[in-house]
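**Student:** What follows is the residue order along each chain.
2 protein chains.
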Amino acid sequence: MSEPRGNAVRSEPSARAAQLDAADELAGLRKRFVLDDAVYLDGNSLGALPADVPARIDDVVRRQWGELRIRSWEESGWWTAPERIGDRIAPLVGAAPGQIVVGDSTSVNVFKALVGAVRLAGDGRDEIVVDATTFPTDGYIAASAARLTGCELRPVEPAEVPGALGPRTAAVLLNHVDYRTGRLHDLPSLTAAIHDAGALAVWDLCHSAGALPVGLDAHGVDLAVGCTYKYLNGGPGSPAYLYVAAAHQDRFDSPLPGWNSHAEPFGMSPTYAPAPGALRGRVGTPDILSMLALEAALDVWDGVSVDSVRAKSLALTDFFLDCVSQYVPEGRVESLTPPAHADRGSQVALRCADAGTVMKSLIEQGVIGDFRHPDVLRFGFTPLYVGFADVERAARVLGRTLGG
Amino acid sequence: MSEPRGNAVRSEPSARAAQLDAADELAGLRKRFVLDDAVYLDGNSLGALPADVPARIDDVVRRQWGELRIRSWEESGWWTAPERIGDRIAPLVGAAPGQIVVGDSTSVNVFKALVGAVRLAGDGRDEIVVDATTFPTDGYIAASAARLTGCELRPVEPAEVPGALGPRTAAVLLNHVDYRTGRLHDLPSLTAAIHDAGALAVWDLCHSAGALPVGLDAHGVDLAVGCTYKYLNGGPGSPAYLYVAAAHQDRFDSPLPGWNSHAEPFGMSPTYAPAPGALRGRVGTPDILSMLALEAALDVWDGVSVDSVRAKSLALTDFFLDCVSQYVPEGRVESLTPPAHADRGSQVALRCADAGTVMKSLIEQGVIGDFRHPDVLRFGFTPLYVGFADVERAARVLGRTLGG
Numbered sequence: 001m002s003e004p005r006g007n008a009v010r011s012e013p014s015a016r017a018a019q020l021d022a023a024d025e026l027a028g029l030r031k032r033f034v035l036d037d038a039v040y041l042d043g044n045s046l047g048a049l050p051a052d053v054p055a056r057i058d059d060v061v062r063r064q065w066g067e068l069r070i071r072s073w074e075e076s077g078w079w080t081a082p083e084r085i086g087d088r089i090a091p092l093v094g095a096a097p098g099q100i101v102v103g104d105s106t107s108v109n110v111f112k113a114l115v116g117a118v119r120l121a122g123d124g125r126d127e128i129v130v131d132a133t134t135f136p137t138d139g140y141i142a143a144s145a146a147r148l149t150g151c152e153l154r155p156v157e158p159a160e161v162p163g164a165l166g167p168r169t170a171a172v173l174l175n176h177v178d179y180r181t182g183r184l185h186d187l188p189s190l191t192a193a194i195h196d197a198g199a200l201a202v203w204d205l206c207h208s209a210g211a212l213p214v215g216l217d218a219h220g221v222d223l224a225v226g227c228t229y230k231y232l233n234g235g236p237g238s239p240a241y242l243y244v245a246a247a248h249q250d251r252f253d254s255p256l257p258g259w260n261s262h263a264e265p266f267g268m269s270p271t272y273a274p275a276p277g278a279l280r281g282r283v284g285t286p287d288i289l290s291m292l293a294l295e296a297a298l299d300v301w302d303g304v305s306v307d308s309v310r311a312k313s314l315a316l317t318d319f320f321l322d323c324v325s326q327y328v329p330e331g332r333v334e335s336l337t338p339p340a341h342a343d344r345g346s347q348v349a350l351r352c353a354d355a356g357t358v359m360k361s362l363i364e365q366g367v368i369g370d371f372r373h374p375d376v377l378r379f380g381f382t383p384l385y386v387g388f389a390d391v392e393r394a395a396r397v398l399g400r401t402l403g404g
Numbered sequence: 001m002s003e004p005r006g007n008a009v010r011s012e013p014s015a016r017a018a019q020l021d022a023a024d025e026l027a028g029l030r031k032r033f034v035l036d037d038a039v040y041l042d043g044n045s046l047g048a049l050p051a052d053v054p055a056r057i058d059d060v061v062r063r064q065w066g067e068l069r070i071r072s073w074e075e076s077g078w079w080t081a082p083e084r085i086g087d088r089i090a091p092l093v094g095a096a097p098g099q100i101v102v103g104d105s106t107s108v109n110v111f112k113a114l115v116g117a118v119r120l121a122g123d124g125r126d127e128i129v130v131d132a133t134t135f136p137t138d139g140y141i142a143a144s145a146a147r148l149t150g151c152e153l154r155p156v157e158p159a160e161v162p163g164a165l166g167p168r169t170a171a172v173l174l175n176h177v178d179y180r181t182g183r184l185h186d187l188p189s190l191t192a193a194i195h196d197a198g199a200l201a202v203w204d205l206c207h208s209a210g211a212l213p214v215g216l217d218a219h220g221v222d223l224a225v226g227c228t229y230k231y232l233n234g235g236p237g238s239p240a241y242l243y244v245a246a247a248h249q250d251r252f253d254s255p256l257p258g259w260n261s262h263a264e265p266f267g268m269s270p271t272y273a274p275a276p277g278a279l280r281g282r283v284g285t286p287d288i289l290s291m292l293a294l295e296a297a298l299d300v301w302d303g304v305s306v307d308s309v310r311a312k313s314l315a316l317t318d319f320f321l322d323c324v325s326q327y328v329p330e331g332r333v334e335s336l337t338p339p340a341h342a343d344r345g346s347q348v349a350l351r352c353a354d355a356g357t358v359m360k361s362l363i364e365q366g367v368i369g370d371f372r373h374p375d376v377l378r379f380g381f382t383p384l385y386v387g388f389a390d391v392e393r394a395a396r397v398l399g400r401t402l403g404g
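As they're listed, the protein sequences go chains A and B.
If you're matching positions, the first sequence starts at 1 in full-length UniProt numbering and goes up one per residue.
If you're matching positions, the second sequence starts at 1 in full-length UniProt numbering and goes up one per residue.
Okay, chain A solo, but in the shape it has when bound (with noise of 0.2 Å):
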């Protein structure tokens, strides 16, 4: 049907994206990006490849490995990688510099981060509280942790954590997104509660760091771990990071106190002496070349605001959503993102009974999300590299997929 002019709300969606892609100022990132004829709604899980990280590593691998060698630890400034970009890293989360180092699998950040928040906890504290609907390795890792601390893991869903808190909590894990359903959980008030009930928050930023502002100092969050492949785009499997309250790094006691976290991992002293800062959290020898390219893909950040992207990102999701009322049938799918800005993050998540076959059937027609087992169709908007007309073409083929 015709809409009246003038009027975006009631305009066609083809019109309406084309709309809000013009007024997008953030459009001309897309091209610092290397992307196809595909719609790309995967980058929750793995982001797109920047366009200038291929000739840098490409020098790292020939220049920095082939003809230095040895030498780039110090000149090329392989050594202080980890805390360099974790530096970057830092204003994407609301983190001053010298908290956050790179390095390791966010996995065994959250070990480190877990174990060490127990021990800040102190004595007569011996339970960890974690999301009952976490991403699993969070729920596996916070369970080895309180075996190994002789605490007790209680699950609770988020929303319940405030209620759940007693002087037996040492520390609290919980996700800033849920990966599956893409709500996002309310970092200040949570973080709030945890510290009335004198126990430390760990925060897992894999779902929100670099599609929303988290504000990790000003809202006092004591540990947090995030990957940097999905929003980040540092690559397949880069590394993850581990932020420690400034105030927490005197007495972070690290499981995991390789040589790299030594006070002078040179002087190969017997005896282990932690180093000052955030340096404590690193391990072992770092993994280069996925560390640098992480680093070049974080040039992309210069210059760009995280309220930008956090307003890009709510504009594509309710868009999105839209699109999907008016292109799907009836009761076809269910959105299991909440429709509140306040609860969301930058993905949308539809339940859908076929969702296997219908998800390979979008992939075929170039629209790329991921499917979750067993029957959730989920959807990332990266607001660097997706644009509404992006969004339009996604909904229209799963309105299509799903016989509108």
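Among the hints, a few may not be true.
Chain copies aren't distinguished; within one or between two, either way the pair holds.
[Stated by the list, open to error] Calculated cross-link-like contacts (lysine to any residue; reagent style SDA-like; alpha-carbon spacing at most 20 Å):
(1) K360 with L68
(2) K31 with A275
(3) K360 with F266
(4) K360 with F371
(5) K360 with R180
(6) K31 with L68
Everything labelled a hint here was simulated from the structure, so no lab data went into it.
For chain A, the structure is supplied; the task is to place chain B on it using the hints.
**Tutor:** Just chain B now, kept in the frame of chain A:
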């Protein structure tokens, strides 16, 4: 002085070098590496760049990540890389397939191996014995593993290990080759002594894998770890590996049970159930760029016999020690490396009062070794790309630098 013709042993070092290079069956491998005019004797710290790696990494970045993106987890074999590459390392350390996974740093793998070993050892065994001369990170991590499992840590010189074992010993962590002196420890007899005491043997192969036969299966080693950036030439900070002997795999209980080690990683179950086999040594998402650089680097080993590598390694270090005794003024250096072949790895360590200054000068003259605090000149000999003329030149430059 002139030497009798036909007596290679007594000929001039440069003539002997030419003879030895001419007879070197591995000499052809040198062209598979990117090398320059320098003599690179630091491959025991960072292996040289294999010539085929840059193009492979470029393909991984541009095509696998840039074009296939998320599809590469299946289509480019990313997901199975840790165990596939583990099986490439296996023959180099005498392991049958299915016992090695690649990933994480050596330090993290030491932690998995030691905590796993203590759990395998069972009740009543609450002592971890660690090589008192170990590379420091192994000792630091062993202390953490002991603390978290309620064990006592006992540092013991490797030669004293058999007499130090008792009914409380759960696990013993030893280095196959000492990082400082280049001493090769007797893996078969020490492993047998550890087993006689009912404990588990955990070996660190960082300085032996790729330089000499290890024989993990043949000697019944329980667990082992190693890095891949020394004699395996995997690149700066390339991922380490964990060996879990087949006999222990069903009971191996990792302290880092990340989702990659789950029996059904995409089942997203909140309950952990370990995968069968060596897979349970995996943790989080593997760092694909570093890992696939390693995979490309391992191609150099196709058709290469570790026994030939060992024979050349001993010939190189023998020749270096001969040249040093000829070129370097008496008493100016003292070899810390054992003269007996059975006790020698693939490096020569020379004690020298002003070692720091001397190494700086050697490097300026194109002879790249390294300095280990406080007084050690360390020279590593990678048989795949170091030749005998290199060795002669290195000793000659050293002799000149030391006033010979």
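**Student:** Compare the structure with each hint and give your call.
**Tutor:** How the hints compare with the structure:
no. : hint           : result
1   : K360 with L68  : between (46 Å within a copy, 15 Å between copies)
2   : K31 with A275  : neither (41 Å within a copy, 42 Å between copies)
3   : K360 with F266 : between (52 Å within a copy, 16 Å between copies)
4   : K360 with F371 : within (9 Å within a copy, 56 Å between copies)
5   : K360 with R180 : within (18 Å within a copy, 55 Å between copies)
6   : K31 with L68   : between (32 Å within a copy, 18 Å between copies)
Against the hints set out earlier in the document, a violation occurs for number 2 only.
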